[in-house]
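S.K.: Which chain is which? The protein sequence lines are A and B, in order.
Residues in the first sequence are numbered consecutively from 103, following my numbering.
Residues in the second sequence are numbered consecutively from 2, following my numbering.
Bear in mind the hints are in silico, worked out from the structure with no lab data behind them.
Source: prediction; values computed, not measured.
Glycine included, C-beta positions come from ideal geometry on N, C-alpha and C.
There may be inaccurate statements among the hints.
Here are the computed lysine-lysine pairs in the DSSO-like style, where the Cα-Cα straight-line distance is at most 30 Å [stated by the list, open to error]:
1) B/Lys59 - B/Lys20
2) A/Lys147 - B/Lys155
3) B/Lys120 - A/Lys181
4) B/Lys62 - B/Lys20
5) B/Lys20 - A/Lys165
Simulated coverage check for chain B against chain A, where a stretch passes if three residues somewhere in it have a Cβ under 8 Å from a Cβ of chain A [as the list claims (entries may be wrong)]:
6) 19-32
7) 77-86
Between beta-carbon pairs, the in silico distance windows are [as the list claims (entries may be wrong)]:
8) A/Pro163 - B/Lys84: 29 to 39 Å
9) A/Pro163 - B/Lys64: 32 to 42 Å
10) B/Lys84 - A/Thr205: 15 to 25 Å
11) A/Lys156 - B/Lys84: 22 to 32 Å
12) A/Leu159 - B/His121: 38 to 48 Å
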Amino acid sequence: MNCNGFRHNCLFFLEGQLSRVIEKEMKEHLESCEACKSKYERMKKTFKLLRIDKVPLFGEPRKSALFPLVMEQVEERSKRTRRRKYAFAWSFGFTMLLALISTIIGIKSQKPMDYQYAFMTNPNNLIYQEDSVVTNYIAESLIENDTLIKDVKTAIDNSIIQGSELSSLMMELSSEEISTLIEKLKNTNFDNI
Amino acid sequence: MEKVDINKFKIGDETLFRKIVENYGEKLYNTVFRIIRNVDDAEEIVQETFVRAYLKRKTFKGKSTIYTWLFRIAYNLSLNFIKKRKPTLELHPNIPADDSPGKQYERQEIAQKIDIAVKHLPPKQRTVFMLRFYENMPYKNIVKILKCKEGTAKALYHFAVQKLSDELGDLLT
């Protein structure tokens, strides 16, 4: 065995962890190499010195106090975790509620806006997507129909006529008036308006 | 302990947990002290180890012994502790009182030098050294704690002994 091999195995040699064959080689090298012998002796002394280093006793009072202290901490932290979970659940629930309320409010506030207003007439389920040309045409039809003419005129004059208002005006028409209007709408080619 | 009691442990059986604390408290303290080198801090880390072990008991899979698992927690806590706190030098509290004043002084000096030398070791080297040298822990358990390969653990141990031997040089002559 050379010096490198000896140094590599030195610790295991000290711990008595080597096979008999290698241990024998180590001993032989130790006899013949002063440098390795000195290194080995130094390591041995280090081990001996470190064995002197003792740990302060973990006495009986400490031992018996440990479990109650641990459980006290466990209880305290469990409570804290529970509180945190409740707080999270409440704040999450509250946030969801707020989100729901604001969504409902949003939907409600969107309803009067006629960006996608559907206008439906009862007997034939005629549906018209919001379209200013169509809306104006219906308004004119209502005027021609001579019903509620004043209201519609006022609305147009003031530029406040909206789909929803048309809808409410439609609701006030008699069935005969609606039939007349439907016939008129059916025969209308909106592309040419 | 192991197989049957793992289930009990996971359920949170306090009688069993008390046994675990009583059985391993001192052993954990001894090793943690050798890494931290301070009685109060070592006690605090041991206490914290058991608190965490109880709160996280359901994560214990039983692949290692309960002590290895406990020590893995203690090791992580010790590592964080070493990173946060600057090294301090303290009087070694374990000098036998029956020695003569001269002998006491000498022992105190040796203990302090060992203390300094150990504190100069990087945390991983320190841990491997303490587990191997003082606890005679097999490398297969050490690698579970340090989450490294056996060769790495052996190298860390070798470096630690080498450094300690160099640092304690003047005491060895």
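S.K.: Each hint: holds or not?
M.R.: Results for each hint:
no., hint, verdict
1, B/Lys59 - B/Lys20, "holds (18 Å)"
2, A/Lys147 - B/Lys155, "holds (20 Å)"
3, B/Lys120 - A/Lys181, "violated (38 Å)"
4, B/Lys62 - B/Lys20, "holds (19 Å)"
5, B/Lys20 - A/Lys165, "holds (11 Å)"
6, 19-32, "holds (count 7)"
7, 77-86, "violated (count 0)"
8, A/Pro163 - B/Lys84: 29 to 39 Å, "holds (31 Å)"
9, A/Pro163 - B/Lys64: 32 to 42 Å, "holds (35 Å)"
10, B/Lys84 - A/Thr205: 15 to 25 Å, "violated (48 Å)"
11, A/Lys156 - B/Lys84: 22 to 32 Å, "holds (27 Å)"
12, A/Leu159 - B/His121: 38 to 48 Å, "violated (26 Å)"
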